[in-house]
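Listed here are the chains, written in short residue letters.
2 protein chains.
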Amino acid sequence: MATADGQRVLRDLKHLRTMGAYKTGVHRPALSAEHVASINWLKAELEALGHRTTVDGIGNVLGEAPVNGPKLLGGSHLESQNYAGWLDGPLGVVYALEAARAVKADPSLAGCGVDVAAWCDEEGHFGHFVGSKSGIGKLSEADIDAAVDRTSGTPMREALRAAGFEGRPRFTVDAKRYVGFLEAHIEQGDWLEANKLKIGVVTAVVGSRNFVISFEGTQNHAGTTRMAIRKDAGVACARLIVAIEQLFPTICGPRTVWTTGRVTLHPGDPSIIPGRAEMLFQFRDTDAALLDKLEDALRNLVAEADRAGPCRVMLEQQRKGMPAVMADSFQSAIEAAAQARLPGCHTRMPSGAGHDAQILAEVMPAGMVFIPSIGGISHHWSENTADEDIVLGAQVYVDAVARLLKS
Amino acid sequence: MATADGQRVLRDLKHLRTMGAYKTGVHRPALSAEHVASINWLKAELEALGHRTTVDGIGNVLGEAPVNGPKLLGGSHLESQNYAGWLDGPLGVVYALEAARAVKADPSLAGCGVDVAAWCDEEGHFGHFVGSKSGIGKLSEADIDAAVDRTSGTPMREALRAAGFEGRPRFTVDAKRYVGFLEAHIEQGDWLEANKLKIGVVTAVVGSRNFVISFEGTQNHAGTTRMAIRKDAGVACARLIVAIEQLFPTICGPRTVWTTGRVTLHPGDPSIIPGRAEMLFQFRDTDAALLDKLEDALRNLVAEADRAGPCRVMLEQQRKGMPAVMADSFQSAIEAAAQARLPGCHTRMPSGAGHDAQILAEVMPAGMVFIPSIGGISHHWSENTADEDIVLGAQVYVDAVARLLKS
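For the protein sequence lines, the chains are A and B, in the order given. Going by this note's numbering, the first sequence opens with residue 3, and the numbers climb by one from there. Going by this note's numbering, the second sequence opens with residue 3, and the numbers climb by one from there.
Note that these hints are calculated values from the structure, not bench results. Only a predicted model underlies this, so the values are computations on that prediction, with no experimental measurement involved. Keep in mind that the hints are not guaranteed to be accurate.
If several chains are the same, the list does not tell them apart, and a pair holds so long as it fits within one copy or across any two.
Said to hold, decoys possible - Derived lysine to any residue pairs resembling SDA-like cross-links, with alpha carbons at most 20 Å apart:
1. 233 - 245
2. 45 - 178
3. 233 - 244
4. 233 - 257
5. 135 - 268
6. 233 - 196
7. 198 - 230
8. 233 - 256
9. 135 - 174
Bound-form chain A, shown alone (with noise of 0.2 Å):
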């Protein structure tokens, strides 16, 4: 039977961490040259596997087994957030690399295969998911043509050029050719941790609701203005989000999360009551009934803020993700992987980030994999996770392509 060799992928892991280390960590923002040298290393490694590999015009790697029989696409993406983890996209990589390397070697799967991809930009320096939706046919020219990175302010294409990506074709990935699309993931919360579990079984990825909350109120001298004639858009403001915390957890579901990120007073001086305000408000379910509740709640709460004074409070919707179910076929797969290496060891859960499985989802089934994060810390240097588990993981990824490819 199909074979992770556990020493293998952690080999490869800290190779790739040396692309851009920082700390325990790594800086590898999507088309930086560290980047570029995962890539790089990933195209070397896939074509000595036999694989027909592609780097193409978007910084999307895709390398083709060479079969004629049932094939899985596997993957996730090389890049990290800034001064982030090295498990963030990495892991589902070096996965799927695993897993086109034990297949090919079990003759038990002969004809059968493993594509791997590595999408660009999942964390979204350029935008959001720009490789994946590049990769099913939705990323238009004027999309990248618009991308500029959020921290350098540099085009894309500009980057693109940088990084020797420009004028080369984009593929598609083509539906028919795949039993579906895996992917594997630390968790980024502690609930596996908390549970002493070791594999996450992806129910679904969480549609994310996104606001801007805004509160007119009248700037003033802080000295010399009655308190019984304030508008003060501060107080506003955080009278809304103790609101919010307050008829929240009365709709919620058991995983719905939600976050103000920011929060702006204008003109922002200890000396000005607040004549502005504005909050970035976003939150997460499986569930797209409840995201429609939590949003009616939501737009309540506002009105009724707006309406009874002394500031004007508007809501305006930034975005409006729908969740993304992962198939049936994937789920039970994985589960009964986990449960014949380790039983008991997993449960299924929701993804309350975004992942480049739930795009792949728009086009062919999809699942995902979470194996634990230590004390549920992501997107910080100090995200790790035991070797153990990394290595568990590994197998049950393998074990539960084997049995989609033979299903």
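Following the hints, complete the assembly by docking chain B onto the known chain A.
What follows is chain B alone, placed relative to chain A:
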């Protein structure tokens, strides 16, 4: 009897408005070319009146009446906030200048005089009342060495050199020379206007207590971190703002004011739970005992929030300004002068904003006269007062000066 020439007062104020004109207001930061022009204009007017006039090494102007009888010191400041109003400061300087003229012209006040001061940078471009503090001998050379323009970052030494004031000696007022200091100012609030009054007799300039309150939580991914384990510093900050809004009205006096002028969430990304938050909070009142009581209440709220968790909450005091009580003799003189001109047009009231008079009050009796601000607007170019209110105020100021010189 001493008579203010209302048309001359309006003409002088409107002439000053041409120096750094911005819409209907002015942009005349401390030590700018426009500010120096206004200083030179004042010096020329005072010399034309026969006053011995000095512009000193900090940009303070002092014009001394060459008389041997009782003398009063009048004045305010000539520079403005950035892109702000035309009356905030110049009104008090022009009233003092007009009083100097009127007293000189009144035979019944022979031997009496009004010295006129314009204190540099009351608006705090370079510090906190640097001009008036220098005028009472409480500004060191080291203070000036450390002072930097809050907008441009220019060191004050450099700005003084550019203004031509570098190397000049700095004067300290001789408190024994004066019956006291009288400053006129626009109210900067709406109390007079709302109550159809024309003159505010200032009882005290409020004391201000300023704090930085910080919240330490745990930064994490907004999609993957369950609500139950979050330590969201932004939510903790919003809760404290709302708790203050609930508690302070039960303790405060009729004119207490409190303000959260700035809130900062770190890192401020829409998809990251804020791990740290900071708010700038201040409150003001004229009653020192009440300020202590409010500070105790705030400290208790912070300690309770810190105990309750999940975030740490810490308070750091930035400033503890004491209220400055205006002299009874000055309050009575202003009140009697107002009552004689327009019975019932006046009220006793605190000043919510800081003024040079609070600094001068440390060394001599001091008083303040307020006139109405249209719509209570200040620190904005649209700041304004009706011409007839300016004219009435000038006469009440001159009348109060005459009463104080004769008493």
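message = At most 20 Å between CA atoms: does that hold for residue 45 and residue 178 within a copy, between copies, both, or neither?
response = Result: close neither inside a copy nor across copies, 24 Å intra and 88 Å inter.
ask   = Checking residue 233 and residue 257: alpha-carbon separation at most 20 Å within a copy, between copies, both or neither?
value = Between. Shortest inter-copy distance 16 Å satisfies the 20 Å Cα cut-off; intra-copy 36 Å does not.
request  = Using 20 Å as the alpha carbon limit, work out where residue 135 and residue 174 are close: within a copy, between copies, both or neither.
outcome  = within (9 Å within a copy, 73 Å between copies)
key: Homomeric proximity label, residue 233 with residue 244: Cα distance no greater than 20 Å   = both (18 Å within a copy, 15 Å between copies)
key: Within, between, both or neither: residue 233, residue 196 at alpha-carbon 20 Å   = For residue 233 and residue 196, the Cα distance is within 20 Å only across copies (17 Å; inside one copy 45 Å).
query = Taking 20 Å as the upper bound on the Cα-Cα distance, should residue 233 and residue 245 be classified as within, between, both, or neither?
reply = both (18 Å within a copy, 18 Å between copies)
ask   = Between residue 233 and residue 256, at a C-alpha cutoff of 20 Å, which is it: within one copy, between copies, both, or neither?
value = between (37 Å within a copy, 18 Å between copies)
query = How would you label the pair residue 135, residue 268 (within, between, both, or neither) given a Cα cut-off of 20 Å?
reply = For residue 135 and residue 268, neither the intra-copy (37 Å) nor the inter-copy (31 Å) Cα distance is at most 20 Å.
query = With identical chains treated as interchangeable, where does the CA-CA distance between residue 198 and residue 230 reach 20 Å or less: within a copy, between copies, both, or neither?
reply = Result: close only across copies, 18 Å inter versus 55 Å intra.
Violated hints, listed in ascending order, are 2 and 5; each of the other numbered hints is respected by the structure.
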